[in-house]
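Engineer: Which chain is which? The protein sequence lines are A and B, in order.
If you're matching positions, the first sequence starts at 1 in the numbering used here and goes up one per residue.
If you're matching positions, the second sequence starts at 1001 in the numbering used here and goes up one per residue.
It should be emphasised that the hints constitute simulated quantities derived from the structure, not laboratory data.
Note that the coordinates shown come from a computational prediction; the quantities given were computed from them, not determined experimentally.
Glycine included, C-beta positions come from ideal geometry on N, C-alpha and C.
Don't take each hint at face value.
Chain A regions said to be covered by chain B (calculated; three or more residues, Cβ under 8 Å) [said to hold, decoys possible]:
1) 28-37
2) 46-52
3) 56-67
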Amino acid sequence: MASAAWTDMFSRLESTSVATAIRESTWLFPTVETLHVLSIVLVVGSIMIVDLRLINVASRRRAVSELMNEVLPWTWLAFFCALITGSLLFSSAALKYIHAAPFRAKMVLLLFAGINMAIFHLGSYRKVALWDRASMTPTGARVAGALSLAIWVTVIACGRWIGFVTN
Amino acid sequence: MEAFCTWLSNTPLSMIIQNNSWVIPSVQSVHILAISIVMASAVMIDLRLLGAFSRTQSVLDTTQRYAPWIWCAVAVLAMSGALLIIGEPGRELESQVFWLKMTLLVCALALTGTYQYVATHVLGFWERRRGMAGVVAVVSLVLWVGIVAAGRWIAYWEHG
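Model the full assembly from the supplied sequences, consistent with the hints where possible.
Structural biologist: What follows is the structure, encoded as structure tokens:
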């Protein structure tokens, strides 16, 4: 991120009218942040419901695919809201956030979460019909669920830490 | 209240929290994780009450699956919240937003306990009384969203 082109891009992002409004208003930042927290708790809470099924802790009598089809559309809706509100918060002080270690860690973890999800969908989940109602899910599903839980718990912690190192 | 806050902030536990800057963000992270569990669980039950999904599950099934998680997570919230108060008593106890949050919380917990009790003791009640179930779901959602919003605004109120 040391290159001049990146610095230039982020400083231009900071000077957009939206970013300036969020930075200069007393109530806009906390309001967008509140919406971000609401979105994030729903993203993480709903993912946990699926993860706990994958590691055989909860919802064991329900079909995995049924639970996922029911819960995950809400996860994606909440994730979309978190992405929009998060981008707005980022724009208000892009250069500050891009250099904050917890922010960088959070972005890397989000990438890991995506990779973990992709591996699960291309792997164990393709044969879900074989274990949909099993109370013991296959190893691949258990690993994916446990990794997902660990990643999202850390995402929350990093998110909280961003506020502490940048204030 | 001011005297109580001063006394509390001079207790050994409060001193430990104040002198270790990592404690507050750590406890807040645990607090937010527990909020994730409460919010997702409450939303699942509320969406079922609204009839938005999970028609294959009864309201009782859904309540039995998620309500215990709400109560466990609320216990974690009470403990982590207590630590945050001990660490910075004035920030919470002298804030109107904090007391608004507590008021909303009492209402949300009373509502949760009530719909859970009714679902358990009057079989099929929420399936028969669809209109009332919808009202309960909307009130519950508004209360929980209000609690999270008030929680975040505790950090800003004095400065705003």
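Engineer: Hints first: check each against the structure and report whether it holds.
Structural biologist: Quick rundown of the hints versus the structure:
1. Interface restraint, the stretch 28-37 of chain A with chain B: holds (4 residues with C-beta to C-beta distance below 8 Å; minimum three).
2. Judged by the Cβ-Cβ criterion of 8 Å, the stretch 46-52 of chain A is covered by chain B as claimed, because 3 of its residues qualify and three suffice.
3. Counting residues of the stretch 56-67 of chain A whose C-beta sits closer than 8 Å to any C-beta of chain B gives 4, which meets the bar of three, so the coverage hint holds.
The structure agrees with every numbered hint stated previously.
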